[in-house]
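Listed in order, the protein sequences are those of chains E and S.
Under our numbering, think of the first position of the first sequence as 1, with each following residue one higher.
Under our numbering, think of the first position of the second sequence as 257, with each following residue one higher.
Calculated directly from the structure, the hints in this document are not laboratory data.
As the structure is a prediction and not an experimental result, all values here were calculated from the model.
It is possible that part of the hints are untrue.
[What the hints assert, rightly or not] Heads up, simulated DSBU-like pairs for lysine-lysine below, C-alpha to C-alpha not over 30 Å straight-line: (1) S:Lys275 x S:Lys348; (2) S:Lys348 x E:Lys132; (3) E:Lys106 x S:Lys275; (4) E:Lys106 x S:Lys283; (5) S:Lys283 x S:Lys348.
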Amino acid sequence: MRDEPYRWIEAIQDRRDYIEDQLRVGSPVVGLTYDEGMVLLTIGRGQRKIFEVHDRIALSAIGHPADIERLRMLVTDTASVQGFQNATEDVNLHRLTNFVLAHTFKQAFESIVGEAYIIKMLLAELGSTDDKNRFTCINYDGNVRTETTSTVIGGTEAIETGMQNYLATASTDTDRDLTAALQLGLEAWAVGKELSSREPEEAESEETQIDTAQMHEIIDTAREDGEIEAGILEITQRGTGKFRLLTSQEIEAALP
Amino acid sequence: MNQEPKNLTPSGVGVINHKGDFLSLLKHANYPLKIDLPSETTKHGGDIEIAHSTTVVAVRYRDGVMIAGDRRATAGTSVIYDRAEKVLQIDKHSVLAISGSPAIAYEIARILEHSFQYFRRSQLQELSLEGKLRMLSRLIRENLPMALQGIGGVIPIFALYDLNAADDENGGKIFFYDALGAHFENVNFATTGSGSIWIRGVLRYLSRFGDAPLQEMDVQQATINILRLLDTASEYDAATSGYNAQAEIFPNIKTVTSTGVEDIADDELKACYAEAQPDAETV
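Turn these sequences into a full structure, and let the hints guide you.
Written as structure tokens, this is what we have:
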């Protein structure tokens, strides 16, 4: 098939359409920094979605659970071995992304006879100082996007744009506390959820305005058959490992 | 056409699901866990002769376990280091006190620490208490050839706090290992290293006939007793250091309680020393 460039490009495009179609309804994930670290947040339906990779690295993803699990193991194994063979300080997101994950994603996506990974991954790394915090999103095709104070992954680009626009307009204050970060994150999640329930053409339209009451309604509905899940990388945590999942009580307390 | 995904990294990382087993992961990543010596360097035949020049001691007290070690490292009759750390935190609620070959002991502690973390990260749950004990057994057993060669034996004490213990129960637990990796739970105290022979009887006496049972002591009383025990060991064992007043080098003492592992700070140790040896001009 590689001898016929046109068919190869066509096959890649079919693959892209197929994966994006599968990803479209995935529950978005929001990553935000707050005054004492970073938080990843989503509303899941039973399956855990936020994970600890290493001392200062957390992971979340949308996609097929088996693919998420496989790639989560790949990055966790690599980080664990590197952290042991060298020192835990030598494990960093940049190396994991560029040397392990990105090319794995790209290769799987472009080897059109093999299985594709249905996944969008979001990783967070707590830096030694605030300005070194990093969010990295890796698309199923291996494209990498890095951000410093907030990021999102959602089913389609339109959903992500809508959520990011909301984050940009809602808050410019990066010195928010955890409660404020959780609230903002949930609102952005609601925006993403709403957009993912619209038809693709509608989601791309400019009319993404959703008022606060609507957001809370969306969150309440989602919580009826799901649960808010939030994991933090916390600078104040004792010891070298900075990750922990928030308890349901902590999340409850942050809700308005 | 090759349909295998060629996309996972070499050396077994990511190819095999290790099910939380860090040792298996390390082996597949070609990490050398053992040093294989040529057989002619084997000096001791079948005898296990463990060089365990040190004193580490653990006692159960009111809030959990207190575990301590002296700071001296020796090579033959020479003191080569006087600030060695022999009490190593493994995770939030467990501590390993080492006696024996330091190179292997530190390696075992490091593998143990990473193993617990790897299990939690990959399996999304904490390794159980029994699982932790077995992991350490396995590491000690894997090290048996080195122990037999007389250069790499390690006999640790493993102390942890069992968070599943009932509210009215002391969750502090002390485990003692032999060179083959068998573990035994010592109910109230354990000690190992060359100085341990001088204080094991004292511990037994304190525990059974002391003014207050060891397990009812508060932090300060337990610290004072531990300091006295280490002082006693250092009096008779050349490989165990006492308190160096000039350089202010104190033993390492850690507590393992329901809230985690903590060091007893030097200031507190200094105060306890004054009480431990009230009539000593220079302690």
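Tested hints:
1. Under the criterion of a C-alpha separation no larger than 30 Å, the hint pairing Lys275 of chain S with Lys348 of chain S is consistent with the structure, at around 22 Å.
2. Distance hint between Lys348 of chain S and Lys132 of chain E is fulfilled; the C-alpha atoms sit about 27 Å from each other, no more than 30 Å.
3. At most 30 Å may separate the alpha-carbon atoms for a hinted pair to count; Lys106 of chain E and Lys275 of chain S meet this at roughly 26 Å.
4. Between Lys106 of chain E and Lys283 of chain S, the direct Cα distance comes to roughly 28 Å. Compliance with the 30 Å bound is thereby established for this hinted pair.
5. Between the alpha carbons of Lys283 of chain S and Lys348 of chain S the distance comes to roughly 26 Å, so the proposed pair stays at or under 30 Å and holds.
Against the hints set out earlier in the document, no violation occurs for any number.
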